[in-house]
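So the sequences go chain by chain: A and B. Residues 1 to 354 in my numbering are what the first sequence lists, from first letter to last. Residues 355 to 708 in my numbering are what the second sequence lists, from first letter to last.
Everything labelled a hint here was simulated from the structure, so no lab data went into it. If you're wondering where the values come from, they're calculated on a predicted model, not measured in any experiment.
The following residues of chain B were derived to be distant from chain A, with all beta-carbon distances above 10 Å: (1) 439; (2) 441; (3) 455; (4) 473; (5) 480; (6) 586; (7) 613; (8) 621; (9) 626; (10) 641.
In silico SDA-like pairs for lysine to any residue, Cα to Cα no more than 20 Å straight-line: (11) B/376 / B/691; (12) B/408 / A/321; (13) A/22 / B/677; (14) A/245 / A/231; (15) A/54 / B/677.
No residue lacks a Cβ here, since even glycine has one placed at the ideal position from N, Cα and C.
Given next are the chains, with one letter for each unit.
Protein chains: 2
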Amino acid sequence: MSEKGRKPSGSSICSAIEGLWKEVRELSLGTSIEHLQSAPSSLQFLRQFVLPNKPCIISNAIQHWSALSAWTEDEYLCRALADRQVSLHLTPDGRADALVHHPSSPSTLCFASAHVQRMPFPLALQYIVDSSSPSSPFVAYAQEQNDCFRSEYSQLLPDVESHISWASESFGCLPEAVNLWIGNQRSETSFHKDHYENLYAVITGEKHFLLIPPTDVHRMYVREYPAASYNFSQETGKLSLELEKPSRYIPWCSVNPFPSSSTREQQISLFPRYFSGPEPFHCTVKAGEILYLPSMWFHYVRQSPDSRGRTIALNYWYDMRFDIKYAYYNFLQSIDIHSTKACAPKVYESYDGS
Amino acid sequence: MSEKGRKPSGSSICSAIEGLWKEVRELSLGTSIEHLQSAPSSLQFLRQFVLPNKPCIISNAIQHWSALSAWTEDEYLCRALADRQVSLHLTPDGRADALVHHPSSPSTLCFASAHVQRMPFPLALQYIVDSSSPSSPFVAYAQEQNDCFRSEYSQLLPDVESHISWASESFGCLPEAVNLWIGNQRSETSFHKDHYENLYAVITGEKHFLLIPPTDVHRMYVREYPAASYNFSQETGKLSLELEKPSRYIPWCSVNPFPSSSTREQQISLFPRYFSGPEPFHCTVKAGEILYLPSMWFHYVRQSPDSRGRTIALNYWYDMRFDIKYAYYNFLQSIDIHSTKACAPKVYESYDGS
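Pulled out of the complex, with its shape left as it was, chain A reads as follows (with noise of 0.2 Å):
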């Protein structure tokens, strides 16, 4: 019948937030991600990572898929998924889902979708590999959000499994989506969340994820943005981007964490809590590892290919949880910081702008 809460303290709301990034490491998430040697059991998994809301890599617990021999070959590929039409997703710089300046208005940042152009499958695959030059035009990137691998990549199912089975005893449930994704290096994944578990399986080349707990989200800098996206245009061969008529606005994080060195000092202004705020949790996931990256936490991803020149990965989405972890969060984001006088945005004192 002890009592040990800590007592109500004046300090302000923002203290108190600042104090909520420090505690959830100090109590749980530690400094680096854990890495276990082999798939967990469901109990070990609910326990230890997806109750307490915490990523894991994880080895050896798909060293038995075909994929990841058979998917390191082009002529594999291409035999196998040879009349399909899928979606490739175009970008003039790899940056889709991501804010950029509008060309016509530079002072404008817009939330830019990708061109989306249905081809052969033989025929993508070509665009990704080439596109990986930094002189090309373009970048692109498979990589359809809407369980696309069950759908258009059907023919590569015997490869894999269809869910990963420990997990899906976790949750309880089988997977809500499965994804693919293939690109080369100049693709990047602006940081965002996702309201799923998510289990992400590299299967060529390496994945590298900044990860940023969902307490952190006033870090975040969640912002609307106007909707634009890429058209390409039969004309100039060109991608432009043009915003969506009518007007929609998009939330989205707006921090970039590798901010060119001429607008780093800038963008360290702009968003000091994210750059003077504890250090993203940083992780590499190899070809046969899983990152287990748990609902709401925000990510950043970049990527090396293989020899071959991509980067292939499978994700499972299981639905989350709405429960008391998500009200406390939606508590936390409702709170308006930027208006709470105590909050005005600290300079980051360590930076000396060189």
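Guided by the hints, dock chain B onto chain A, whose structure is given.
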């Protein structure tokens, strides 16, 4: 990659906190405590109750315990524990670890602990049964929360299981403490929370719980009260309350959910967030049932006796996880709602004073 999060609103902290009380019920808790008709599997228990921090009552999980019949007999208990010294808690009114007015300064509330008297079990049981009469000048309650079942009452170990097997599998550990509670209907336990996962098994009689989720911490008006304890005077034969010296302060919930009719209006105006907020979850745990009382839930407990005038329960405390939920809780409770202008206490509008 969708971004379904709500955009930050400019609403006050106070209305955000009230929104949290509502949302956790709508998303996860519902309006009543779920009742299982048999023991869950460890996976199901972990997924459906521990993970979302959600209580449940479980029937038919301990029907094989011989305690269920044996402990209804005073003769059996007195024979098994004939030579055992046990700790009996004595109060004038059944309210131990509760806020009471200090006799010498009636405007001062203090946190009163029982007078603890060691005595042979048969005598203790007699005191418990006899003191159920309103005319008894004291109320006796056997309730040491120091793993007493496995020490003072170890003769009774064979009558129950040493742990709740599916719960131990879920938590990945054995109970940290097992406590026995033998009392009568005059004893009550004031609102408080424990830093343990709790499985509360009723053996005979009934326990009546009011439960409040940890999201509602601001409704409990946790404040610091000076510690006091009852002492038995051999001279007067009475219990007198004495403040601890040197003074020690205990943070405790200020709310009495059942104020007397003469103090009700005052209590409502002092603690409006409790009385005007969502109803507490009510439940009765009958002999042979288990309540899963999740860590950090506030609970208030009363009891109804069996035909022999006593209620016997056994609770298993398992270590809780100090994870992201706990970090969110600490953040929430660190918000000093009293210093926030927007959070001036509301008058309880529907109370008509009758």
